[in-house]
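Next come the chains, spelled out residue by residue.
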Amino acid sequence: MKPAPFQYHRARDVDGAARLLAELGDDAKVIAGGQSLVAMMNYRLARPRHLVDIGGLRELDRMHRDAAGGLHIGALTTHHTVETDPAGVLRAGFEVLKKAMTWIGHLPIRTRGTVGGSMTHGDATAEWCLLAVVLDAEFVARGPQGERTIPAGDFFHGYYTTALDPDEILVEIVFPRPAPHAALTEFAERRGDFALVAAAVDLDVAEGEVRGGRVALGGVAAAAVRVPEAEAVLTGGGSFEACASAAAEAVEPPADASGSTHYRKELVRTLVRRACEEAVSR
Amino acid sequence: MSDVPMNERKLVGKAVRRREDPRLLAGRGRFVDDIALPGMLHSQFVRSTVAHAELASVDVSAVREVPGVVAVFTAEDLQLGDIVAQLGRPLSEFVPTAMPILARDKVRYVGEPIAIVVARDAYAAEDGLEAAKVSYATLPPVMSEEAAFADGAPLVHVEAAHNTLVDVSLFATEGIDRIFDAAPCVVEVDARTGRQNALPLETRGAVAHWDDREEQLIVHTCTQIPHQVRTVASRCLRLDERAVRVVVPDMGGGFGQKCVVGREEIAAAAAALKLRRPVKWIEDRKDALSASFLAREQHYRARAAFDTEGRILALDADVVCDMGAYSCYPFTAGIEPLMASAEMPGVYKVPAYRVRGRAVTTNKAPTGPYRGVSRPQYVMVMERLFERAARELALDPVEIRRRNVITDFPYKGVNNITYDPGSYLESLNLCERLVKDEGWYEKQTAAAAEGRHIGIGYSCFSERTGYGSAAFAQRKMQVVPGFDISEVRMDTSGAVTFTTGTMNHGQSHETTMAQIVADELALDIGKVRLHQGDTDRITYGFGTFASRSITIGGSAVRLAAAKLGDKLRAIAASRWGVAPDEVELADGAARRRNTQDVLPYTEIADIAYLQAHLLPKDIEPGLSATATFDVFNDGTFSNATHACVVELHPGTGQVEILRYVCVEDCGVAINPQVVEGQCRGGIAQGIAGTLFEQVTYDAQGEPSATGFMDYKVPTAHEIPDVLIHHLETPCAFTETGAKGAGEGGTIGAPAAVLNAVNDALRPTGVELDHTPITPETVHRALNGAPSLESSS
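Residue numbers (this note's numbering), protein chains in the order written: chain A, 35 to 316; chain B, 305 to 1096.
Please keep in mind that the hints were generated in silico from the structure rather than gathered at the bench. In this text, a Cβ means the ideal position worked out from N, Cα and C, and glycines have one as well. Honestly, I wouldn't trust all of these hints.
[Said to hold, decoys possible] Here are a few chain B residues that sit away from chain A, every Cβ distance over 10 Å (derived from the structure):
1. Asp325
2. Asp431
3. Lys590
4. Asn719
5. Gly957
6. Pro1024
7. Pro1079
[Stated by the list, open to error] With a straight-line cut-off of 25 Å between C-alpha atoms, the simulated DSS-like cross-links for lysine-lysine are:
8. B:Lys437 to B:Lys578
9. A:Lys63 to A:Lys36
10. B:Lys437 to A:Lys36
11. A:Lys36 to B:Lys831
12. B:Lys871 to B:Lys831
13. B:Lys831 to B:Lys867
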C-alpha cells in the first residue's frame, strides 16, 4: 500500500497551478486534502505521474456571504471549518451545511478533507455533491482559458467524473440563496461510512405551509440526482409520506453487497421522509 | 493453590495503574515497525492473484531490474522446509497439510505468497512486485462447504478426499436416538457464522538480521508464541535452535492471529540470512485483510431434546468449519472443530451428546485461532436451542436456563470434562436482576404499545482457561502447550527482574504479574520489572493464548517468587541463627517474628552476592529462583452471563444496542480494571461478528474487502458502554485463585445480541440464526419482505 512513483509540484497560485496542469497533461492530478486521492494512490488504483499540490493556496480557503445572501465557499475550505463556522457566515440560512458535515467521515478526515476536493472527486454518495445538487450550487472554475461558472446540474457527470477540464482548478462553490428549511440525512452501517443512501431536501415554506421544494438523493445512481417526481408531490401539496414514496418509486438503485435494489428503495422512502420532517421543523 | 501460604494480598485484586500506559500513551512504545537497523532492507511479497491454480511459471527476472530492488527470491531460490502441523490422529480423522513458506507448484488462495522482493525501501519493494510475471494453470476454486463436499469436487489438497482435513465423531451417548424419538420437545437450529479477521490494529511483521558475533539469526517479530516461532524458523532454515533468537517488542494486539507461525516472517528471515543484511517485512492492511489468518466460518446443524419441564435431554450436532487452504501451526485445522466438539454442552447439564466435527479445506486464506475459538459460535447455537425450546414450551427464557445450568461442582460432563466450581446460576440471576432493576422489561412493553421493537437477549457460558498439558494432549496435538516457566532474580539493590514464558500483546502482564511478585515478596511494585518475549532470556514458554497467561504463567511467576522468598528467609534465618519459619517478609525486608530484628533485602542481597563467604554451606550464592507450573486436570472454567437490549428500526433495519450487561466470574481478578478491559474489548469483537464484520469472496475466490471501507469493523460509535459486575469463585488449583479472563466477552456477545434481535422480531414470526445480521435482513424481517437468508 505504497504509491507508484510520482513527481510532486507545489503551486504558488491558482493560475500557476492551472499552467502546471496544462503543461503536465493527463498524467497530472491536483491534490488538496488528499483524503480520497492518497488512499487510491496507496492501492495503486490511481497512478498520477505528477501531483500538483494546491494545499498552500490560502486564497481558496475562505467563506463569505454576498449582498444577495448567497454563500461563497472557497474550494480549499475544510469540512471542519464549515462544521465549526468560526466566522458565523452560515447563520441565517445555511445551517444545513453545518449539520451535514457531521455525516462526513470522522474528525481527522474532516480536518484535512476539503469542499472542493469532495466536489471534484464526485462520489455518488458524497454529502457535498448532494448539497450542491439540492441547493442549486454553482461551481467557479479557472483554467488557461480564464474563469467560468458551471451549474450543479451540469457539473456531475457520473461515477467520479465532473465537468472540469483536466487543466481547470475549482476555485469556489456558490450557494446562491439561503435554505432555511433544508436538511440532509443518510444511512450507513457504521457512522462515518459512505452512505448506502443519502437524502437531502430544500423546502419552500411560507406561512407555515410547505409550498414546494427540491429533493435529491445520493447512492441511488452514478451521481447525486434530483427527483422531480418527489418534488411534484410537494408542489401539489402532498404529504411527506407521499413525497418519500414517489422518490422511492422513481429510482432504481444498483444492488451491491451492502444492499439490494429493494432495500435501497426502502431506505429512500425512510430518509426522504426524515429529511422533510427535519427540514420543516427548522 | 499450593501449600505455600499466600503472602498478604496488597496489590492483587486492586486496580493498579497499568505500567505499560505511560510509554504507550506518550507514543514511546516500540513496535516492530519502529525498529530500524543500519542497512536495513524492506520486503513485500508477490502474491497469488488467483484462488486455485498450478504454478506454470514464476519469472522474476524483470523484478531485479526495478530501481531500488536488491533481491528477489522464489521457493526454488530459498529451498526452505515446509510448515507442517500435526495431530496424533489416524488419517481417517486428520489429514496433515504441508504449507510451504513460498508457494512451489500450486497456489491455494488469493494472496498466497509466491516470491519475496527485497528493496531499499517499501515503495521500491512494491514497484518490484509489479514486475513479477507469474503464469497460472487455473483450477476451479472451492469456495464453500457445499462446493467442497460435492461429488467430483476439485481437491484443494490431493491427499484430502472430499476436501476434508478433520472428521471426528465423538461421545455418541448410547441410546441417544431413542431419547430424541421419545422426547416431547425437539428443537433444531441450522446456523452459519461469517468468516472474520481477528484484526489486530498492528498488522503482522518482522525485522530479521544475522549477528556474526552471536552466530545467531535475530528475528524481531510480533508474535504471541516466540519459542514456537523459533522452533519453526530453525527447522525451516535448518539451523540449530540456539542459532535463532526471537525477540518480541511491544505488540498492538494479536487475538490469536499472531498465535500461529506465519510464512512471511520465515521468508523475511531467510532473505536476511541470504543477504546478510537486516530485512524488514510489515504486512500492509490490504494483505492483513485478505491474506493473513482468518477464523470463525462455521456451520452448525444442531438439535436438542427437552422434557416438558424444559430440561435438556440430549444434544446432537454436526459442525463444519471452513478452515481455508492450510492447517495452521501449531494448532492445525482441528482447532475450531475439535474445540466445538469437545465443549459444546457448555454450562448446561446435558445428559446425552453426540457430535461430528469436520474441518473442510477451501481456496480461502487459512484459518487460525481467534479469541474464543469456536465458543462464540457453539454458545450462540446452544443459546438459540434454549430460546427455541422456551418458545415451544412457553417458558420464560431465563427460567429454562435456570433449570439447566450446572449447579453442583465439580461436575463431570457428558463430554468427559470436569468443570471446577463456578457461579453459573448466580451470574444468571444477578444479570436478570440488573436488567429488571433498570426497567427494561417495562420499557419493552411500553415500546411495543407504540409499535416499536425492543428485544432482550441473554447468554450463559463458561470458558475453559488454563489448559494444561493434559487438556491439549487429549486433543492429540503433537506440540502440547501446557506448562510455563518463570525466573525471578533479585539484584544487590533489592530490585527484582522476573521473566515469563507467556507473551503480553495487550493483556497488561507488566502490571498484573508484577502485582503477584510484589505481593509475594512484600516489595514495592516499582521495584519489580517483568521481562518477556526473548527466547534467549526465557528457557521455554508457550506464549499467550487460550486465556493461559495469568492462570498458568501467573502461577509459575508466583511459585518462582515464593521460592526466592524462601531463600531470602533462609539467608536471614541463618544470620539470626533461627529456623526459616521464624522469619517473615514485609516491606522489603526479612523480619524475625515477634522481635524488632529486621534485615532489609539490600543487606541479604549483599550477603548473597558480595559477601557469599557469610552464607551457610547449604545455601548457594546469588538470589534467583525458577519455577514451572502446569495444570494436570481439565483446566479451570471462568463463566459469565451477558444480557443485551436492542431496538430494531423498521425504516432502516438498523440494530441499535440500548444496553449491555455482563456479570462475569474469573475467580480472583488480579486487576479488576484489566479484567474489565478484557470484557469490553471482547464484547466489542463479539458484536462485530454478529452485526458487522464478514470476509466474503466472489465466485472466483477474490476477497471482497481490501480495506476498512468494505470490512466493516465497528467503531466507538457502534459499540455501547457495558455494565460489568464481578463475582468471584476462586480457582482451587491456580496459584493465585485466578481463572482466565481473555476471551469471555467475545464468547458471550454473539448469543446475547442474536437472542435480543430475535426477541424484538418475535411479533413478526421471523427467526434469524445466521451471522452477521445485516440491516437489510432486519429490514426485510420487520417489513414482511422475503428473507435473503434462504439463498445464503
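For each hint, the structure was consulted:
| no. | hint | in the structure |
| --- | --- | --- |
| 1 | Asp325 | holds, 23 Å |
| 2 | Asp431 | violated, 7 Å |
| 3 | Lys590 | violated, 6 Å |
| 4 | Asn719 | holds, 38 Å |
| 5 | Gly957 | violated, 7 Å |
| 6 | Pro1024 | holds, 13 Å |
| 7 | Pro1079 | violated, 6 Å |
| 8 | B:Lys437 to B:Lys578 | holds, 23 Å |
| 9 | A:Lys63 to A:Lys36 | holds, 17 Å |
| 10 | B:Lys437 to A:Lys36 | holds, 20 Å |
| 11 | A:Lys36 to B:Lys831 | violated, 45 Å |
| 12 | B:Lys871 to B:Lys831 | holds, 18 Å |
| 13 | B:Lys831 to B:Lys867 | holds, 18 Å |
When the structure is compared with the earlier hints, violations turn up for hints 2, 3, 5, 7 and 11 and for no others.
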